[in-house]
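Colleague: Residue numbers (my numbering), protein chains in the order written: chain A, 2 to 367; chain B, 33 to 388; chain C, 4 to 288.
These aren't lab readings, by the way, just hints derived from the structure by calculation.
Keep in mind that this is a model prediction, so the values were computed, not measured.
Ideal Cβ placement from N, Cα and C applies to all residues, glycine included.
Do not rely on the hints blindly, as some may be mistaken.
[As the list claims (entries may be wrong)] Taking lysine to aspartate or glutamate and the DMTMM-like style, the derived pairs with C-alpha atoms no more than 25 Å apart in a straight line are:
no., chain 1, residue 1, chain 2, residue 2
1, B, LYS240, C, GLU242
2, A, LYS109, C, ASP33
3, B, LYS98, C, GLU186
4, A, LYS132, C, GLU149
5, A, LYS76, C, GLU183
6, A, LYS115, C, GLU149
7, A, LYS132, C, GLU186
8, C, LYS95, A, GLU332
9, B, LYS240, C, GLU117
10, A, LYS248, A, GLU293
11, A, LYS115, C, GLU201
12, B, LYS98, C, GLU117
13, C, LYS98, A, GLU56
14, A, LYS175, C, GLU183
15, B, LYS200, C, GLU61
16, A, LYS76, C, GLU149
[As the list claims (entries may be wrong)] Facing chain A, a subset of chain C residues (Cβ under 10 Å, in silico):
no., residue
17, MET125
18, ILE126
19, GLU178
20, GLY192
21, LEU199
Listed here are the chains, written in short residue letters.
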Amino acid sequence: MTADLDCIDLTKQFSGVTAVDQVSFSVPPGSFFSILGPSGCGKTTIMRMIAGFLEPTDGDILIKGKSVLNVPPNKRPVNMVFQHLALFPMMNIADNIGYGLRRAGMGKTEIAYKVDEALERIGLPGIGARKVDELSGGQKQRVAIARCMVLEPDVLLLDEPLGALDLKLRERMKVELKSLQAAFDTTFVYITHDQSEALVMSDKIAVMNNGSFEQVGTARDLYYRPDTAFVAGFVGDSNRWRGQVTKTEGHCLELRTETGMTLRGVANGRALSVGEQVDVFVRPEAVRIAHEQAELSRFDNQISGKVTSLLFNGAASRVIVSSDAGLGEVEVNLPQSGEFADLVKGSDVHIGWSSDQGNCFAARES
Amino acid sequence: MTKQSLALSTAVSVVLIGGVSAANADTLRLLTWGGYAPEEVVAKFEAETGHTVQVTKSNNEEMIAKLRATGGGGFDLAQPSQDRIAGPQEEFGIYKPMDMSKINMDLFIPSMMEATKGNTTVGADVYGVPHVWGTSGLVLDTANAAMVKDYTDLCSDDVAGKVSYRLKRPTLIGFAFSMGLDPFAAYGDEAAYTEIMSQVEAKLIECKPGVKTYWGGGDELMGLLRSGEVVASMAWDTGGWKLNEDNADITFVAPAAGALGWVDTFVLPAKGKADDAAYAWINFVMQPEIAAMITEAAGNFTASQGADEFAAADLKAKYQASFPQEAIDNIKWYPPVPAGLEAIEGGVLDRVKAAN
Amino acid sequence: MRTEAKLGFALLLTPLLLWLSLLIFVPHVDIFLVSLRERIGVGQYQTSLANYLTFFQEPLYLWTFLRTAVMSSVATLITLVIAFPVSYYIAKMIKGRAQSALFLLCLVPFWVSELVRTFGWMILLRETGVFSNVLQYLGLVDGPVEMLYNDGAIMVGLVYTSMLFMVVPLVTTLESLPDEIIEAGYDLGGNGISVLREIIIPHAMPGIVSGCIVVFMLSLGNYLTPTMLGGKESLWFTELIYSQFIVRFNWELGAAFGFMLLILSSAIVWGMLKLTGQSLEKTMG
Chain A
2 MTADLDCIDL TKQFSGVTAV DQVSFSVPPG SFFSILGPSG CGKTTIMRMI
52 AGFLEPTDGD ILIKGKSVLN VPPNKRPVNM VFQHLALFPM MNIADNIGYG
102 LRRAGMGKTE IAYKVDEALE RIGLPGIGAR KVDELSGGQK QRVAIARCMV
152 LEPDVLLLDE PLGALDLKLR ERMKVELKSL QAAFDTTFVY ITHDQSEALV
202 MSDKIAVMNN GSFEQVGTAR DLYYRPDTAF VAGFVGDSNR WRGQVTKTEG
252 HCLELRTETG MTLRGVANGR ALSVGEQVDV FVRPEAVRIA HEQAELSRFD
302 NQISGKVTSL LFNGAASRVI VSSDAGLGEV EVNLPQSGEF ADLVKGSDVH
352 IGWSSDQGNC FAARES
Chain B
33 MTKQSLALST AVSVVLIGGV SAANADTLRL LTWGGYAPEE VVAKFEAETG
83 HTVQVTKSNN EEMIAKLRAT GGGGFDLAQP SQDRIAGPQE EFGIYKPMDM
133 SKINMDLFIP SMMEATKGNT TVGADVYGVP HVWGTSGLVL DTANAAMVKD
183 YTDLCSDDVA GKVSYRLKRP TLIGFAFSMG LDPFAAYGDE AAYTEIMSQV
233 EAKLIECKPG VKTYWGGGDE LMGLLRSGEV VASMAWDTGG WKLNEDNADI
283 TFVAPAAGAL GWVDTFVLPA KGKADDAAYA WINFVMQPEI AAMITEAAGN
333 FTASQGADEF AAADLKAKYQ ASFPQEAIDN IKWYPPVPAG LEAIEGGVLD
383 RVKAAN
Chain C
4 MRTEAKLGFA LLLTPLLLWL SLLIFVPHVD IFLVSLRERI GVGQYQTSLA
54 NYLTFFQEPL YLWTFLRTAV MSSVATLITL VIAFPVSYYI AKMIKGRAQS
104 ALFLLCLVPF WVSELVRTFG WMILLRETGV FSNVLQYLGL VDGPVEMLYN
154 DGAIMVGLVY TSMLFMVVPL VTTLESLPDE IIEAGYDLGG NGISVLREII
204 IPHAMPGIVS GCIVVFMLSL GNYLTPTMLG GKESLWFTEL IYSQFIVRFN
254 WELGAAFGFM LLILSSAIVW GMLKLTGQSL EKTMG
């Protein structure tokens, strides 16, 4: 089966500055593909090249196996949901949704039928006569998607469309977008700088940095098996220390941080030798907290310390523990089981984690 | 200017002059034509009398419109043509009678003074005394438009597209004379005048295709003639003489039907506040040497007795070339325009303007 | 405190009220009263509608007004057609310094007076002028060409004089149109023409209408440009008013003409607003 979208060595330079550097990826039909990266990483440039608003400097874009390089944006089988949705304020909802159909030269009655059907599908029947500014943020979102979907594009591009919504609505729209994608059964290419959006919705995620992809994989891959230090740092939260390898034992290694802590981690197949500078990443939820040191005997990393701050955030509450030896601070997930309800600032605690959870990468100068 | 500030400025100037002059020093607000109050004359007058002079340049219609708007206020001395005094005075009452005892009669050419007095009398009062006089006729590029001898010759095919005149009453009058009619004789008879004007209207509409443009201001006409875009035009004598200095071919020609003679006068606006200064100005500028200076600046001769002696020789020569004796005898002097005549002429001018 | 606030409000309002009443309302009432006087003899007047009757009975006056209105409309239309791409370019195609520079360039002609601008056009268009000489030099024409003193010259002058007043509102409204919306128009299958018709023009409508009103009124009320560039063929309504007031001493008819100009031009603007489905509030707000 051919992919819906193939990008081959896609490159874009703006007056000498490389914004996108030889990026290749392939999106299979019906999947939800996200490009995740900090602002300025080049993800919007990729999207605009796919939509046809920018000409690639080099490389090729194939949609359903056919190059679209010489196809103008209005002829590409690709549609885009813009960051601020770009609904046409001078038209009502029905005319907004019917715009593309009118441009395609469809008959009036057929357009009316299709528009009604689309409104039905996004759960907003009967709002066709309303004006754009009479709609709520979430409704506009759905109309913007419906406006593209009536054209049955091969690929739907979404440019951070949830960015302008408030947090609560954003959480709901994540779920809704995913189910809309399933309902329309269309390939979505979604770009965002918000990792939770990407993690929740995507079948596959590309993490982008400085114009190229760091890693392409499922949410789990990125979260548990990051290929690069950037991915480990960018996706999810991590404790991060820099240190020097002091010992290697198979895939395990021991290192000494700049502040003097001795930690154990794993190289996960990356070649790291004694004396090399490495970054080690440990997720807060991988760190276990206990009142008694004995409870942590199975872990090969153990630290005793005091609580320096309590960050209450419901199920995602954390504490920051400062090592007694004064060797550094560790962010730890706080189980809400009641066992630690009496924890206060200054309490003595013990923390520990297994060396499997300490992901080590060769340190990059940054 | 408010009363207070006028009083204040008067007071200040009195203090400044410090009683050097016996007369009260006033500000004379003079509404006049370009060239009638040259700076050197103003300076001389101010030095001699202590009065100050504010000059506003204008033309006949605007002078009357301005005085009408204020009911004859805002100026202390004005200079409309003598045919524009009796009518507007009857209609709008914008002037006040002249006190002839304050005017030095010896300075004026008696015949002109008598004529002007006759033309500007309303009831028992005289409203104007003569100042500058001149004529309007034809200004021609004799190399290209020698065949133009009269106003109606401006419609000739030989000069088609290179002709200009004003769309104003002198044109109507000139054409009427040239067509063998006598509009001045019909001034008192509205029906006869309307009949004459309708004939002129037909003629002007017939001529319109050959007209380059109706000129509006003296500078515009000068530009047209200098560039050669226009070779024949109706204009004032001074305009022709001025152009003659640059291009010997261009000069003023008195038309066969007669040049139209005008006299610009001195009148006192009804609400003028500095009558003494006004009389002083009149008696000052009518002195032969001063009148000659004005002739030099304006290009026209004045009603000053004996000023000819002081006038520049070349101007006299040009005048004599343009006006042989029979042409002088043939000058048609504008009689006073009866009130309401403008309405008839206005309709004609509007229709000519609109005609295609 | 309350009285103080009231006093402050009154003080703020006073200049506006003074301006409205002394400079706009009172003169208009005065003009209206003058227009109702009919001269029946030397210095004698009576109240009547005779002057308005003259306006409607003399085909020349009505025709002149009609001609002025039509020419002004055409000038407005031409100004719009020229100003729209210029404004679009300034608002959307260029950014930063070049944008302000170009905008400034539109302003430059207004640094000199209208009289000088009009003289400039006369120098260009006259028979012995620049265009005529260039055409002869290029061998495109045999003899001198007169481009002055016709309707075309009036049109050129009016469009030139009005350009800025169309560009400013257009740039303002076009700048408020997000690029995203234009891109969305293309992305969903629109081409240049349909995006222009369905998205850009509807969005710019308030700017178009307010620009058109200003340009139309300016052209209608222009005196200098039509008289100087039109020469013997100008025949502009303001010229009629001027000549009634100044040349004919007929203030009564002039005042009636002035009032008719006010009423008829207001009616035309109102009709234009109705026709385009715009309201004054939407346009000016």
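Colleague: Given the hint that LYS95(C) pairs with GLU332(A), does the C-alpha gap stay at or below 25 Å?
Modeller: 49 Å, violated
Colleague: Taking 10 Å as the limit, does the beta-carbon of ILE126(C) come near enough to a beta-carbon in chain A?
Modeller: 44 Å, violated
Colleague: Tell me if the interface restraint on LEU199(C) is satisfied: Cβ within less than 10 Å of some Cβ in chain A.
Modeller: Hint violated; LEU199(C) Cβ to chain A Cβ min 13 Å, cut 10 Å.
Colleague: Decide if the proposed pair is consistent with the structure: LYS109(A) and ASP33(C), CA atoms, cutoff 25 Å inclusive.
Modeller: 58 Å, violated
Colleague: Given the hint that LYS175(A) pairs with GLU183(C), does the C-alpha gap stay at or below 25 Å?
Modeller: 23 Å, holds
Colleague: Verify the proposed pairing of LYS200(B) with GLU61(C), using a straight-line Cα cut of 25 Å.
Modeller: With Cα atoms ~20 Å apart, LYS200(B) and GLU61(C) stay inside 25 Å; holds.
Colleague: Next pair to validate is LYS76(A) with GLU183(C); report whether the Cα-Cα distance is within 25 Å.
Modeller: With a Cα-Cα distance of about 18 Å, the restraint between LYS76(A) and GLU183(C) holds, given a limit of 25 Å.
Colleague: Straight-line Cα separation of LYS98(B) and GLU117(C) no greater than 25 Å?
Modeller: 24 Å, holds
Colleague: Quick one, are LYS248(A) and GLU293(A) close enough, alpha carbons at most 25 Å?
Modeller: With a Cα-Cα distance of about 29 Å, the restraint between LYS248(A) and GLU293(A) is violated, given a limit of 25 Å.
Colleague: Can the restraint linking LYS240(B) and GLU117(C) be considered satisfied, given a maximum Cα separation of 25 Å?
Modeller: Given that 25 Å is the threshold and the Cα spacing comes to 28 Å, the pair is violated.
Colleague: Is LYS98(C) within 25 Å of GLU56(A), Cα to Cα?
Modeller: Measuring from Cα to Cα gives roughly 20 Å; hence the hint holds.
Colleague: Run the distance test for LYS76(A) versus GLU149(C): straight-line Cα separation, threshold 25 Å.
Modeller: 51 Å, violated
The structure fails to meet hints 2, 3, 4, 6, 8, 9, 10, 16, 17, 18, 19, 21 from the earlier list, while all remaining hints are met.
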